[in-house]
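**Q** So the protein lines, in turn, are chains Y and W. Quick note on numbering: the first sequence equals residues 18 to 265 in the working numbering. Quick note on numbering: the second sequence equals residues 8 to 290 in the working numbering.
Honestly, I wouldn't trust all of these hints.
[Unchecked claim] Every beta carbon over 12 Å from chain Y, so not counted as near; a handful from chain W, in silico:
{"id": "1", "residue": "Leu69"}
{"id": "2", "residue": "Gln73"}
{"id": "3", "residue": "Leu85"}
{"id": "4", "residue": "Leu188"}
{"id": "5", "residue": "Ala190"}
{"id": "6", "residue": "His204"}
{"id": "7", "residue": "Pro270"}
[Said to hold, decoys possible] Selected chain W positions facing chain Y (Cβ under 7 Å, derived; list incomplete):
{"id": "8", "residue": "Gly124"}
{"id": "9", "residue": "Val158"}
{"id": "10", "residue": "Pro185"}
{"id": "11", "residue": "Ser186"}
{"id": "12", "residue": "Ser193"}
{"id": "13", "residue": "Leu194"}
{"id": "14", "residue": "Thr197"}
{"id": "15", "residue": "Gln200"}
{"id": "16", "residue": "Val205"}
{"id": "17", "residue": "Pro208"}
{"id": "18", "residue": "Gln209"}
Hints in this document: simulated from the structure, not taken from any laboratory. From the three backbone atoms N, C-alpha and C, an ideal C-beta is built for every residue, glycine too.
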Amino acid sequence: MSPVLQCRGLRKTFHGSVVLDSLDLDVAEHEVVALIGASGSGKSTLLRCVNLLERLDDGTIHLGGEHITDPRADADRVRRQIGIVFQAYNLFPHMTVLQNILLAPVRVHRRARAEAEQAARTWLDRVGLGNRAGDYPDRLSGGQQQRVAIVRALVNNPRLLLLDEVTSALDPELVGEVLSMVRELKGDGMTMVLATHEMGFAKQVADRVVFLDGGRVLEQGPPEQVLGDPVEARTRQFLSRIIEAGRL
Amino acid sequence: MTITDTWRPSAVEQERIAYRRRRAIRSVLLAAASTAVLGTLLAVGVTNSPGWPRVKESFFDLAVAQDSLPAILDGLVLNIELLICCALGAMALGLLIAVLRTLRGPVAFPVRALATGYTYGFRGVPLIIVLYVMTLGVPGLRLSGMPSTLVLGGLALVIVYGAYLAEVFRAGIESVHPSQLAAARSLGLTYRQTMRHVVLPQAVRRVAPPLLNDTVALQKDVGLVSLAGPIDAVRAAQIQVAEHFNFTPYIVAGVLFVLLALPLIGVTDWVTLRAARRQGARS
Ligand SMILES: Nc1ncnc2c1ncn2[C@@H]1O[C@H](COP(=O)(O)OP(=O)(O)OP(=O)(O)O)[C@@H](O)[C@H]1O
Ligand SMILES: [Mg+2]
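Please model the entire structure based on the sequences and the hints provided.
**A** In structure tokens:
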């Protein structure tokens, strides 16, 4: 079966400094891929490129067989098939939780408001925020905002969900909340790419761990192998630093 | 998530509440006393000055005030009508120009250039010159269907204030963080939808105080159309002054303008305060 996401030879520079350098990555349907790597290794940049928020310097990305980095491709239509959750949530402060979630279904996907609201409320109940639909984001805790941001992406039934360090701003208890939510999504068969610094997170939900270094995929494989018995010296070095910091 | 609340203020807290209440009463009394003293001093000082009887006669004549009030009120109606039309017009124009200036791409280049030139030009020209050109120059073209002097004067105000408001709106648009745009675009919203549902609502909320401030300034400038003929409150007062050989009508017009501005200024303060509170709640 052809992969949902296929990246070939991606190159991205910012003001002459190379962030992604002929990077290849495939993600199969229903697969959960964890991106790990040092800070600044390009995890967020890769996710933003896939969502066409950044323009590549070179390489191609195919989504479900469609060439989305073709300049003739309709970027808005491509983005409708991809959900992304940002590290800093990026909720709209002037809208309530429900309005945040309903904006895209109603304005972009032209779904009936009643039906979309039903779906939104079902999701909110599922993540334990059923009673906060009318609140503004600044009244919610970080973990609650993060879950709203995830629901906002999910309610559009994306083919692919990109999660950028969705747990990095949260305390351990809230990490647990978000983690169980991601695990449920995995159970639903959602295809996901998540950037993370939480090796525990990667170990528990990922089918495959991808280690980014120097703008490329240096090593990838099942979590036990990459995190437990890495082949590359750089990976070992990275993991030992993580262990020192107590995050494995 | 309901926690049963059986909290009663402790002795320490009760003492603090009582202390704060005593302080509050003391401040109110002090403020009242100092106001009374200052007011008396001012009143005595002014009314005892040697020229006071003559000033009183020519500026504060009640009979003249009563006599001139209807004419001035007639003029004030024109001020209010002009204010409402021009404020709405200038805001619409300003918002449009600000949005045009954000457009990208080669097709939008002339539009962008025009909008930029407009804001540069009309913030520099004195209002009076635009007013004269519109009300005296444009009718000289003798085009058919030429609007009245009043409408042309109103247009001059809209054009000049639109340039200021465009800059206010632009500042608001630029203050919306790029991550908000990224979030909106990532949901599949088009550029226009992003502007309309995400950027502009936040921008307008943020610039509401300066916007209302400019409206207060506009309120005073709408009277300038009387230079071209239409009779506004100030012009009406001027006519009354000439009729009565007495300056009281000016004072009447001045007081009416302040009364007119008060609600607007009040709303401005309220909006500013609310914006500050919301900011505080978020940070
Ligand atoms: N808009 C930008 N302009 C210039 N440089 C950028 C920009 N975005 C990212 N970079 C640079 O690209 C590099 C990769 O950044 P990126 O955010 O992808 O890293 P990351 O792997 O997500 O790091 P972290 O784990 O800290 O989130 C960094 O060196 C960063 O400085
Ligand atoms: Mg990052």
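**Q** Enumerate the violated hints, using their earlier numbering and listing them in ascending order.
**A** The structure breaks hints 4, 5, 6, 8, 9, 10; every other hint is satisfied.
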